[in-house]
Structures are given as structure tokens and as C-alpha cells.
Amino acid sequence: MAVMEFREAVRLAMIEEMERDERVFLMGEEVGLYDGAYKVSKGMLERFGPMRVVDTPISEAGFAGIGIGAAMVGLRPIIEFMTWNFSIVAMDQIVNHAASILYMSGGQFNIPIVFRGPNGAAGQLGATHSRSLEATYAHWPGLKVVTPATPADAKGLLKSAIRDDNPVLVMESELMYGMKGEVPEDPEFLIPLGVGEIKRPGKDVTVVAHSKSYHLAEMAAQELEKDGIEVEIIDPRTIRPLDIELIVSSVKKTNRLVIVDECAPFGGVASEITYHVQLRAFDYLDAPIVRVTTKDTPAPYAKNLYEYWMPRLDEVIEAIKKVLYR
Amino acid sequence: MAIVIRMPKMSDTMEEGVLVSWLKQEGERVEPGDVIAEVETDKATMELEAYDSGVLLKQVAKPGQAIPLGGVIAILGEPGEDISSLLAELEGASEPTPAATPAPTSPPESAPHPAPGPVAEPDGRPSTSQTERIKASPLARRMAREAGIPLEAIVGTGPEGRIIKRDVEAALARVRELVPPQLPRPETPVLLEEEAYEAIPLTPMRKTIARRLSQSMFSAPHFYLSIEVDAHPLLEARQRLNALSEVRISVNDFITKACALALRRHPEINASWAETEIRRHREVHIAIAVAVEEGLVTPVIRHADRKGLAQIAREAQELAERARNRKLSPEELEGSTFTTSNLGMFGIDSFTAIINPPNACILAIGAIRDVPVVEGDQIRPGKRMRLTLSCDHRVVDGAMGARFLATLKGLLENPLAMLL
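Here the protein sequences line up with chains A and B, keeping their order.
Each residue of the first sequence is one higher than the one before, counting from 1362 in our numbering.
Each residue of the second sequence is one higher than the one before, counting from -10 in our numbering.
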């Protein structure tokens, strides 16, 4: 184990996999000479050379498409979006090509590609740079969506994503890149996709939270512990495939569920989880499921409005008390 | 004029019937005597016949659905007849007809409860209806159902009076206080983790077995008498008879016959406890326990004392066959005065059986074993069989049961005596 930053864990995963498999390469804006916009790929150009760490023009649709083509002919690209907000212009490539070619070619072409980059709001960045896109992409059959919340999860999940023979979207966070945590140094440390984790065991209420919402849930749980409320936090880690069994078994134990999710409320991750839980654990629910999401507007720029718009600690605490009837 | 077909009482103990399958489809012509559906009762799968003619307008019951006595199964009428208002009416008053109303078996979950008067709802809207649905969380509903507490008896403390987990727990605690501590407390399976088991739905047969045998075991004080019978003469007689008989006569048929004759001589065993009196039955009807796929049934051989072995054998075979196909009629399952149960074919040497109410006794028959027998100063191979009589002590005392068994043993060890 070594203590490292989230960005270092992502980098370590990429380096290990590029050392292990020469078909793996990294491509994106500023990933080479500039060491990455968030210094995730620091030193990788020097280590692997310009054939395997490729700087691209500002053209997401173009380099996403090049990556998909490379994957079709046998390479295993890692495509970095400077942020997932910019992937929206490449959505045709991701949804209509990466997600669909295996199906449309009758199984002839696997697309072993990873798209990765930071996702969600990260301060006052305005409406177009603050989107959480995990639900948007998880919507489409053919795509896997991974949302690590800790450095160790980032390493283990990204390595599984790179080794996966199908498109995997790994969503990180600008605000988490500097977070430190213990990370296994074992180059075979893999976390399977689709397996969630009980990040905090408790018996009174289940809170499902992924990516940086997990850290908000953890703060709420620590606050409520003072009142004797034991919060169980489930981090699904992968949005699709979703470890619904883990969530349902926790809800059967606690009888109540709060979901914290930075997606917009309509059709977000919280909505999907809510559907499955009401279906499978209806007779175990003692209160309606409550979600805490970003508000149903474009992200405001003004600081006070932005802070109000994001899922807030007081909202999470209030939601938990609500499902506990306290 | 449309005719409503309701669930009839197809056996004395039937409280509901499960619609197994439809044999007539909507729009099909139906004449009196036509079988329109199959219904599974607590005893058997029965054919539901139409008493009127018309067109089957609506299959109200769904296959697999349990319908209480008097509950609506189907609607018969003229082609194209408008039954929408009738359906709405039936929906509104889903109570069964008074003629066939049994006591409700489970508390209604959404029965109206007294409205709290013309007060405003918490959100300011006036209350619009006199009767409103009881609000309860799905968990609370399930807990109350499993604990057998009607929701009407629970005060909800959640928003808008919603009944939640803590309210059911409080009600359960009150129930426990009311139950004297020396009695076993009611099980509350609510607290078990569902992952730990697989839930098998109860069939009507399983419910009947559970109800009747619990009733027997917990109300009739059982005691057991066991006796060993030399089966050699019986086997010999059987071999000789089977050489002559068209039907194969089994050991069990001999025992049925012997029991019937012994019961004739001991009418105090051929009896029932009836709370205010003991009933000695004038006829001898012997039920035989038959294992079937989902449990067991006890078809009855009537007047077994007056029937020959060949006839008993024929009837027993036929009843067992139809029991396995679930084609027994309720009459064939009712009216026994004594029951036998044989586990010899499974290699069971001896066992004790639970009395089949309203009988006073049941005979448990073990396997015939090869045993060394001491005769004078010789040891020679012998055949032995153990019979165990379970007796309801309210009706039968030890000596009475012992005398019956001695007679039975005498008959089995000297089969010629059955001819007398």
C-alpha cells in the first residue's frame, strides 16, 4: 500500500496497463507535452513516447472517432476528455459508434476502448462546464460507466476498464484529483466492474452515493453519528452495470433509502436506483425513497446560487432524518 | 339478464377455492352441466359446472387466484349484453354473498376506518371523503400482516397518520404484554432475513394438513401403544390368496380388513370426541393415508368390515391412484371413523402418527422385518411387524386401546379368523 493522490492512482493504473500491454495508448487534449490539464498524465510522454501518448487538436468528435477506429483494428485506446462536458460534442461517436458497433456488426468488432476524464461540477464553471453525465451515458445499452470515489477505487476500476473488451467510460472529478488515500501497489489489483462496496456499515438508513457524492454522504453520516444514527453508505462504484443486489440487501436491512447524486434530477442515477429498489424491496420500505441531486436548472455561476444548486450537507442530513421520521 | 357465478362450497371444510384453469373461454356458449373451470379446494381439484345456459361474458377470476366462498368467478349472460354496471357494482361490493360467508380468514387491509370528522387535511385541503384508505408503509403493511394485527388496530404516527415500522412494533409490544408469559409467544417471522430461506407458497392441501393436524396434536391428548405381530401367517395367507385372486391383495389390505373387524368388536375405539359427548359410530369407515406429491390425503374405504379382501384391495388401489392424480371427490375423503398409515415400504420399523380428526385413533404400520425368533430352545427365522396405535385419551383409555390391539394381533396372526 502507498498513500497517493487520486490523479496519481489514475496515472499508475495507466502506466501499469501500458507496460503490461503495448496495444494500450493514451490520446487527448494536452495529455502529452502539458502533462494533462490536471496533471494526470504527468511524465507519461517522456516514458512512453509520442506514439503512445498522443496530443490531439481541440476536436473531441475527431479523436473519439480515431480511438474507436483504432479499437476496431486491435488497439486498446484510452481517450481522455479534458472534462466529460466536452464529450457532448463526441456523443455521436460514443453512443452511435462505440456503444453500437459490436451489435450492428453482428459481433464482428469489439471496441476495447476507455474514455475517461473529470465529470460533474467543480466550482463556479457555469452551466456548460458543470454537467454530470453518468446517467446520460449509462442510458445507452453497450456502454459501461464507472465512477470511482477514492484513489484505490480509481486504480482498480480503471485497470479493469482498460482490460475490458468493450467501451468503458470512467468518470473522475477535478475536485477529487488531489484527494489522498491508500492504494495497493500490486499491478494485478483489479476491482471488477459492477461490484459496489459498503463504504460505511450502519443499520438505520441506507445512503447510496457515488463519486464525490460519497464524500458528502460520509460527512452527513459523521454528523448524524452524534445523534446515534447509524448510516450505511453504499458506493455502487459502477453505474452500469449497477450492483443493485447490494443496494437492495442493504435496504432490506435498514428499510429506508436516500440517494445522493450530482446528476440533474430528471432521469438521473437516483431515479434508476429508485425504480429497482421499489420493485425488489417494496415490502421492506418504511418510508418513500428520497433523493438529493443538483437542482433542476442549468448550473448557476453566482457563488451563492451555485452552492445552493449543488447537493448540500444540510439537504442530505434532512433527507436522512425524513426517511427516519425524525 | 346476466348471471353471476360464485365460488360454491365444494367440501365441508372448504373456505376458499383456487381457480386452476378455465375450460370455457369468454364468448363461448355454456349449457347447464358444462364444466367451465377447474377449481382446487383444500381436498381435491374439482370441476365447476354451470347451472344455467348463456354465453360466458367475463372470466372474473384469474388462474391461480384464490377466491373465498361466494366470491365472483364468472359472469354468464346473453351475447353482447352490457355488464359494465354489474362489474362496477361487484367491484364496489366485493363482499361474498351472505349465504356462504365464512369468517374472514385474514384481516382486510384496506377496509374503511372511521373518518376523523370534517377536519382539514394537514396540507389545508378539506377532507373529501367520509372513508379514507389507511395509510401505511409497505413494510408496516407486511409486518402487520405477518403478525396478524389488523391495520385498523394500529395508530399511525407518520406523516398524515401513516402507519410505519415503529407503530407496528409498538402494537406488537402491546400484544406481547397481553399474552401471559408462560404461554409461548407468537412467532414474529418479520425479523428474519429473507435471504436465509426460500418462501414456498402454501397450497390449499398444505393449509389443510397444517390446520387439521395442529388442531389434532394440540387439542387431543395423544398416547401411544405399540405391539409386535408375527407376520408369517399373514404373508402365507396372502400368498395363497393371491394365487387365486384377480386383484393383488397387499399386506395393507389385510390390515385394513383386520382393523375393521377389530373395530366391530371394540366400538369404543370406533368413536369420536365431540366436546359434549363421545360418539360411537355405527359404521366402520377406514381412511388410508396416501402420500401424494404435495402432501398426503386420506381416502376412505367405507364399510370395510363388510367387504371382502379382494374388494378392499380393488378400492384401495383405485383410491390411491386417483389420490395421486388429485381426482378424489370430497365425499371420498370424508366420514372416516379410523385411519391407518403405513410407512413400511420406506423401511420404517415403527413410528407414531398424529390422529386424523375426528377419529379417536390412528394405526401406524411399520415394515415387516426378518428377525431371529426363539421357539422353545430353538432359534429360527421369523417375520415380525410393529403396529403403533395413537389414541385420543379423551375417548380411549390405555386398557381399551390395548384390548383392541390384542384383537387386531389375534386376527393378523390367524387370518382364517377373519372369515368368521
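Simulated from the structure, these hints should not be mistaken for laboratory data.
Please note that the accuracy of each hint is not assured.
Claimed, not checked - Subject to a maximum C-alpha distance of 35 Å in a straight line, what follows is the list of computed DSBU-like cross-link-like pairs (lysine-lysine):
hint, chain 1, residue 1, chain 2, residue 2
1, A, 1683, B, 398
2, A, 1682, A, 1541
3, B, 316, B, 13
4, A, 1587, B, 124
5, A, 1682, B, 398
6, B, -2, B, 51
7, A, 1564, B, 124
8, B, 13, A, 1613
9, A, 1664, A, 1403
10, A, 1683, A, 1560
11, A, 1656, B, 196
12, B, 372, B, 51
13, B, 13, B, 124
14, B, 13, A, 1614
15, B, 372, B, 398
16, A, 1560, A, 1541
17, B, 51, B, 13
18, B, 398, A, 1613
19, B, 196, A, 1614
20, B, 372, A, 1613
Claimed, not checked - Which chain B residues face chain A? A few, computed with CB under 8 Å, are given here:
hint, residue
21, 150
22, 371
23, 372
Claimed, not checked - Residues of chain B placed beyond 12 Å of chain A at every Cβ, according to the derived structure:
hint, residue
24, 22
25, 67
26, 79
27, 128
28, 129
29, 132
30, 147
31, 153
32, 157
33, 219
34, 269
35, 340
36, 387
If you're wondering where the values come from, they're calculated on a predicted model, not measured in any experiment.
Ideal Cβ placement from N, Cα and C applies to all residues, glycine included.
Here is how each hint holds up against the structure:
Restraint check for residue 1683(A) and residue 398(B): the C-alpha separation of about 74 Å exceeds 35 Å, so the hint is violated. Using a Cα cut-off of 35 Å, the hinted pair residue 1682(A) and residue 1541(A) holds, with the two alpha carbons roughly 31 Å apart. Of the pairs offered as hints, the one joining residue 316(B) and residue 13(B) holds, with about 20 Å between alpha carbons and a cut-off of 35 Å not exceeded. Proposed proximity of residue 1587(A) and residue 124(B) is supported: the alpha carbons are some 32 Å apart, at most 35 Å.
Between the alpha carbons of residue 1682(A) and residue 398(B) the distance comes to roughly 74 Å, so the proposed pair goes past 35 Å and is violated. The suggested pairing of residue -2(B) with residue 51(B) holds, with an alpha-carbon distance near 19 Å, which does not exceed 35 Å. For the suggested pair residue 1564(A) and residue 124(B), the alpha carbons sit about 25 Å apart, so the restraint of at most 35 Å is met. A C-alpha spacing of about 43 Å is found between residue 13(B) and residue 1613(A), which places the hinted pair above 35 Å, so the restraint is violated.
Annotation: proposed proximity of residue 1664(A) to residue 1403(A) holds, straight-line Cα distance about 31 Å (limit 35 Å). A distance of roughly 22 Å separates the Cα atoms of residue 1683(A) and residue 1560(A); the hinted pair therefore holds under the 35 Å criterion. This hinted pair does not check out: residue 1656(A) and residue 196(B) have alpha carbons roughly 53 Å apart, beyond 35 Å. At most 35 Å may separate the alpha-carbon atoms for a hinted pair to count; residue 372(B) and residue 51(B) exceed this at roughly 55 Å.
Straight-line distance between C-alpha atoms of residue 13(B) and residue 124(B) comes to about 40 Å, which puts the hinted pair past the 35 Å bound. A threshold of 35 Å between alpha carbons decides the hint, and for residue 13(B) with residue 1614(A) the separation of about 46 Å lies outside it, so the pair is violated. The suggested pairing of residue 372(B) with residue 398(B) holds, with an alpha-carbon distance near 14 Å, which does not exceed 35 Å. Between residue 1560(A) and residue 1541(A) the alpha-carbon distance is near 16 Å, which keeps this suggested pair within the 35 Å criterion.
Distance restraint check for residue 51(B) and residue 13(B): the Cα-Cα separation of roughly 13 Å lies within the 35 Å cut-off, and the hinted pair is therefore satisfied. About 59 Å separates the Cα atoms of residue 398(B) and residue 1613(A), which puts this hinted pair outside 35 Å; it is violated. Proximity of residue 196(B) to residue 1614(A) is assessed by CA-CA distance (about 30 Å); at most 35 Å being required, the pair is judged to hold. For the hint linking residue 372(B) to residue 1613(A), the alpha-carbon distance of about 58 Å lies beyond 35 Å, and the restraint is violated.
The beta carbon of residue 150(B) is not positioned within 8 Å of any beta carbon in chain A (closest approach about 12 Å), and the interface hint is therefore violated. With its C-beta approaching chain A no nearer than about 60 Å, residue 371(B) sits outside the 8 Å limit, and its interface hint is violated. Given the 8 Å rule on beta carbons, the hint for residue 372(B) is violated: about 57 Å separates it from the nearest Cβ of chain A. No beta-carbon of chain A is positioned within 12 Å of the beta-carbon of residue 22(B); the least distance is around 44 Å.
Here residue 67(B) stays apart from chain A, with its beta-carbon at least about 42 Å from theirs, past the 12 Å limit. Residue 79(B), annotated as away from the interface, keeps every beta carbon of chain A farther than 12 Å; the closest lies near 28 Å. Distance check for residue 128(B) against chain A: the nearest CB is about 4 Å away, which does not clear 12 Å, and the non-interface claim fails. Listed as a non-interface residue, residue 129(B) fails to keep its Cβ farther than 12 Å from every Cβ of chain A; the least gap is roughly 6 Å.
Separation of residue 132(B) from chain A is inadequate, the least Cβ-Cβ distance of about 9 Å not exceeding the 12 Å criterion. The Cβ of residue 147(B) does not lie farther than 12 Å from every Cβ of chain A; its closest approach is about 6 Å, which violates its non-interface assignment. Under the 12 Å C-beta cut-off, the non-interface status given to residue 153(B) relative to chain A is violated; the minimum distance is some 5 Å. With a least beta-carbon separation of about 9 Å from chain A, residue 157(B) fails to lie farther than 12 Å from that chain, contradicting its non-interface assignment.
Separation of residue 219(B) from chain A is adequate, the least Cβ-Cβ distance of about 59 Å exceeding the 12 Å criterion. For residue 269(B), the condition that its CB be more than 12 Å from all CB atoms of chain A holds, with the nearest at approximately 51 Å. With 12 Å as the threshold on Cβ separation, the claim that residue 340(B) sits away from chain A holds: the shortest Cβ distance comes to roughly 40 Å. Its beta-carbon lying about 51 Å from the closest one in chain A, residue 387(B) satisfies the requirement of being farther than 12 Å from that chain.
Of the numbered hints stated above, those contradicted by the structure are hints 1, 5, 8, 11, 12, 13, 14, 18, 20, 21, 22, 23, 27, 28, 29, 30, 31 and 32, listed in ascending order.
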